[in-house]
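There are 2 protein chains.
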Amino acid sequence: MDQSDLQAPTWQLSERARKLTSSAIREILKVTERPEVISFAGGLPSPATFPAEEMREASDRILRDSPAAALQYSATEGYMPLREWIAARYSNNSAVNGVQIRPSQVLITTGSQQALDLLGKVLVCPDSPVLVETPTYLGALQSFSMYEPRYVQVATDDNGLIPEALTPELTAGARLLYAQPNFQNPTGRRLPLERRRALAAMAQTAPFPIIEDDPYGALDYAGEPLPTMLSMAPNHIVHLGSFSKVLAPGLRIGYIIAPEELHFKLVQAKQATDLHTPSFTQRIVHEVIKDGFLDTHIPTIRALYRDQCAAMLSALERFMPQGVSWNRPEGGMFVWVTLPAHIDSMKLLEESVAQNVAFVPGGPFYANEPQHNTLRLSFVTVPPAKIDEGVARLAALIRARV
Amino acid sequence: MDQSDLQAPTWQLSERARKLTSSAIREILKVTERPEVISFAGGLPSPATFPAEEMREASDRILRDSPAAALQYSATEGYMPLREWIAARYSNNSAVNGVQIRPSQVLITTGSQQALDLLGKVLVCPDSPVLVETPTYLGALQSFSMYEPRYVQVATDDNGLIPEALTPELTAGARLLYAQPNFQNPTGRRLPLERRRALAAMAQTAPFPIIEDDPYGALDYAGEPLPTMLSMAPNHIVHLGSFSKVLAPGLRIGYIIAPEELHFKLVQAKQATDLHTPSFTQRIVHEVIKDGFLDTHIPTIRALYRDQCAAMLSALERFMPQGVSWNRPEGGMFVWVTLPAHIDSMKLLEESVAQNVAFVPGGPFYANEPQHNTLRLSFVTVPPAKIDEGVARLAALIRARV
Numbered sequence: 000m001d002q003s004d005l006q007a008p009t010w011q012l013s014e015r016a017r018k019l020t021s022s023a024i025r026e027i028l029k030v031t032e033r034p035e036v037i038s039f040a041g042g043l044p045s046p047a048t049f050p051a052e053e054m055r056e057a058s059d060r061i062l063r064d065s066p067a068a069a070l071q072y073s074a075t076e077g078y079m080p081l082r083e084w085i086a087a088r089y090s091n092n093s094a095v096n097g098v099q100i101r102p103s104q105v106l107i108t109t110g111s112q113q114a115l116d117l118l119g120k121v122l123v124c125p126d127s128p129v130l131v132e133t134p135t136y137l138g139a140l141q142s143f144s145m146y147e148p149r150y151v152q153v154a155t156d157d158n159g160l161i162p163e164a165l166t167p168e169l170t171a172g173a174r175l176l177y178a179q180p181n182f183q184n185p186t187g188r189r190l191p192l193e194r195r196r197a198l199a200a201m202a203q204t205a206p207f208p209i210i211e212d213d214p215y216g217a218l219d220y221a222g223e224p225l226p227t228m229l230s231m232a233p234n235h236i237v238h239l240g241s242f243s244k245v246l247a248p249g250l251r252i253g254y255i256i257a258p259e260e261l262h263f264k265l266v267q268a269k270q271a272t273d274l275h276t277p278s279f280t281q282r283i284v285h286e287v288i289k290d291g292f293l294d295t296h297i298p299t300i301r302a303l304y305r306d307q308c309a310a311m312l313s314a315l316e317r318f319m320p321q322g323v324s325w326n327r328p329e330g331g332m333f334v335w336v337t338l339p340a341h342i343d344s345m346k347l348l349e350e351s352v353a354q355n356v357a358f359v360p361g362g363p364f365y366a367n368e369p370q371h372n373t374l375r376l377s378f379v380t381v382p383p384a385k386i387d388e389g390v391a392r393l394a395a396l397i398r399a400r401v
Numbered sequence: 000m001d002q003s004d005l006q007a008p009t010w011q012l013s014e015r016a017r018k019l020t021s022s023a024i025r026e027i028l029k030v031t032e033r034p035e036v037i038s039f040a041g042g043l044p045s046p047a048t049f050p051a052e053e054m055r056e057a058s059d060r061i062l063r064d065s066p067a068a069a070l071q072y073s074a075t076e077g078y079m080p081l082r083e084w085i086a087a088r089y090s091n092n093s094a095v096n097g098v099q100i101r102p103s104q105v106l107i108t109t110g111s112q113q114a115l116d117l118l119g120k121v122l123v124c125p126d127s128p129v130l131v132e133t134p135t136y137l138g139a140l141q142s143f144s145m146y147e148p149r150y151v152q153v154a155t156d157d158n159g160l161i162p163e164a165l166t167p168e169l170t171a172g173a174r175l176l177y178a179q180p181n182f183q184n185p186t187g188r189r190l191p192l193e194r195r196r197a198l199a200a201m202a203q204t205a206p207f208p209i210i211e212d213d214p215y216g217a218l219d220y221a222g223e224p225l226p227t228m229l230s231m232a233p234n235h236i237v238h239l240g241s242f243s244k245v246l247a248p249g250l251r252i253g254y255i256i257a258p259e260e261l262h263f264k265l266v267q268a269k270q271a272t273d274l275h276t277p278s279f280t281q282r283i284v285h286e287v288i289k290d291g292f293l294d295t296h297i298p299t300i301r302a303l304y305r306d307q308c309a310a311m312l313s314a315l316e317r318f319m320p321q322g323v324s325w326n327r328p329e330g331g332m333f334v335w336v337t338l339p340a341h342i343d344s345m346k347l348l349e350e351s352v353a354q355n356v357a358f359v360p361g362g363p364f365y366a367n368e369p370q371h372n373t374l375r376l377s378f379v380t381v382p383p384a385k386i387d388e389g390v391a392r393l394a395a396l397i398r399a400r401v
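Protein chains in written order, with numbering that gives the first Met the number 0: chain U, 0 to 401; chain P, 0 to 401.
This is chain U alone, in the form it adopts within the complex (with noise of 0.2 Å):
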């Protein structure tokens, strides 16, 4: 190595990577995996949920019975047990008579975020509009953006997105309308049945895919799913889906259900984009879910989850000063707070994370217009003793501040 090896290169980026800052919130939330803060930032799902035992049974078995086909390279498409596994569950779940998911419809993704990833390629181009909640989640628009889409934000009230809004004139020109009905991150909404067929029939006419990102879904706590809007339009609807809050994250196994026209063109962007997701981790998730484990084993993760909600609904009843607001969540991993306008979450989060307590503001989930009183506490991760120590901190630094 010689001496003008140690001058840094100055390359030229693209433009959309020089529109990549660091994120401040990141920064600060780095603090949080020392173990003496309570973090209501993550959306991690509690390890407790992890079958891990099944999966290393399914680990073994795969490796002794097929190890030739499980370390080789696979079709892009996805695992084919596992693609007709996801069209039957999709088919036989649904709440109308007659509708058949195919398993030409599945594509398995490297995680639902890829899933992201390859609809803003294969749909987004530079300035054309994408319709978003309001606010929406924080990692869709990451991906998008990539693609340097021109964001529209969508009305919502407290059940989430508010189909009247999507008027003629909103909707111009959008390559794609972004939603979470169940559960939604950052707000833990769920939206109504009505608004369900509301969406599901706009979208059999409509110029632009409604994606229907799902991860949330299997959590309602009552274990009394809303029907999907892909079940109201198979053929219209992209519905994602993940096995990470209902298996494990790690393993980064998520899908997309979407029309055969759509789903050749994304099958093409992820051969360029990772050539296939591991078929190792896809056929452990197989092995592990295909004689109905998911029935009896998703039931113990809604009971976890609806006890660590109620845990954290009951703290804030107690110690939340006047003025600050939040939803009651039927499923899912959050809780949305809506604090008195002149506090801002973000340096509520500096004063917080200095007294061992972590969350993560509201602003950056919005699209545009950014509302900073609002911000998410996630309740999965953290045991009711310790949810209630952290509420109770963080209501004292906002009593400080009403």
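In short, the hints are calculated from the structure, not lab data.
Just to be clear, a hint being listed does not mean it is correct.
Heads up, the list lumps identical chains together, so a pair's fine if it works in one copy or across two of them.
Straight-line Cα separation of at most 16 Å, EDC-like style, residue types lysine to aspartate or glutamate; simulated pairs [what the hints assert, rightly or not]: (1) Lys289 with Glu53; (2) Lys29 with Glu350; (3) Lys18 with Glu260.
Note that the coordinates shown come from a computational prediction; the quantities given were computed from them, not determined experimentally.
With the hints as your guide, set chain P onto chain U.
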């Protein structure tokens, strides 16, 4: 589902997606999955080289000892012990004294293919020039094309890329130079030491990065690797590596070694793309290799491929008619064959597949101005007796056209 759902949707796709077309070759090669076909087409490593038993034991230990961490979300940068192992490996193996690769330069990717996608994302804008070898790796063309570059071909000879061809006129405005110095896919060529030195020197001042993609570097049959360009300019070369060819491709574990500033942008792009590569498969790779496994394992792969390469070269020598030429690889997985100028290898493929022999025509490996009288033969998945038979049949078809 009502009747209006039966009408197929008409959605506007992105410009890049509209350019994606079905590959004629891919369609023809689908038949190579039939067991009677002798396929020289695949770049599939021999499953005989997969350390299935070691991976089974590693999976078992990981899911017994640290299931929560192995199955949870994890850092976008990758599993730190694996990043440290990679950095140490490159620091120790360097042919130049004093070169240190830092773990902070290493990003774990979902296969090397993802490294190409991320580099495209971070470096390439529509119509910006991208320099590639003539011919070059097809998968890299697929990845970069998603970001709509203008390809500029760099002249090559039997030793690979010619550094003198990189004139200021040719490289003006370039965003990157993509090269495979070791046993290039598709040609099997190895770049000589002097040319590596010339490119590494150029990298230290060039306004664009030189990408050294090195999936086959460990597979030199004599076990006498040439130094990487990374070792000559560790702060300016962007180096891609992979465990696909030395362990197993189905785990999809690759990596990028890059200067920290570019590394940081790549990490942000990866977060938007798939959050992180599966925690479990990263840990399996680390668990298998951490105590020196590759030092005994790689020589067995080299020996196997060396013998199969010799079998193919011998068969070509005995069966091919005059006017057909090919190279004699010193490593890797491929032989590159040049036919008489009037023979189109794409048409030959159709006939050949009808005779149950498959290969990949050379045309798609050229970014511009394809040479249609070339083809790529892989010898790694076919046993020697079958190599003889397949080459004999292929030679007969060519002889009929000479």
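Outcome of the hint check:
1. Proximity of Lys289 to Glu53 under the C-alpha cut-off of 16 Å is restricted to the intra-copy arrangement: shortest distance 12 Å within a copy versus 26 Å between copies.
2. For a Cα distance limit of 16 Å, the shortest separation of Lys29 from Glu350 inside one copy, 15 Å, qualifies, whereas the shortest one across copies, 60 Å, does not.
3. Within a single copy, Lys18 and Glu260 get their C-alpha atoms only as close as 32 Å, which misses the 16 Å cut-off; across copies the closest is 14 Å, which meets it.
Every hint from the earlier list agrees with this structure, and none is contradicted.
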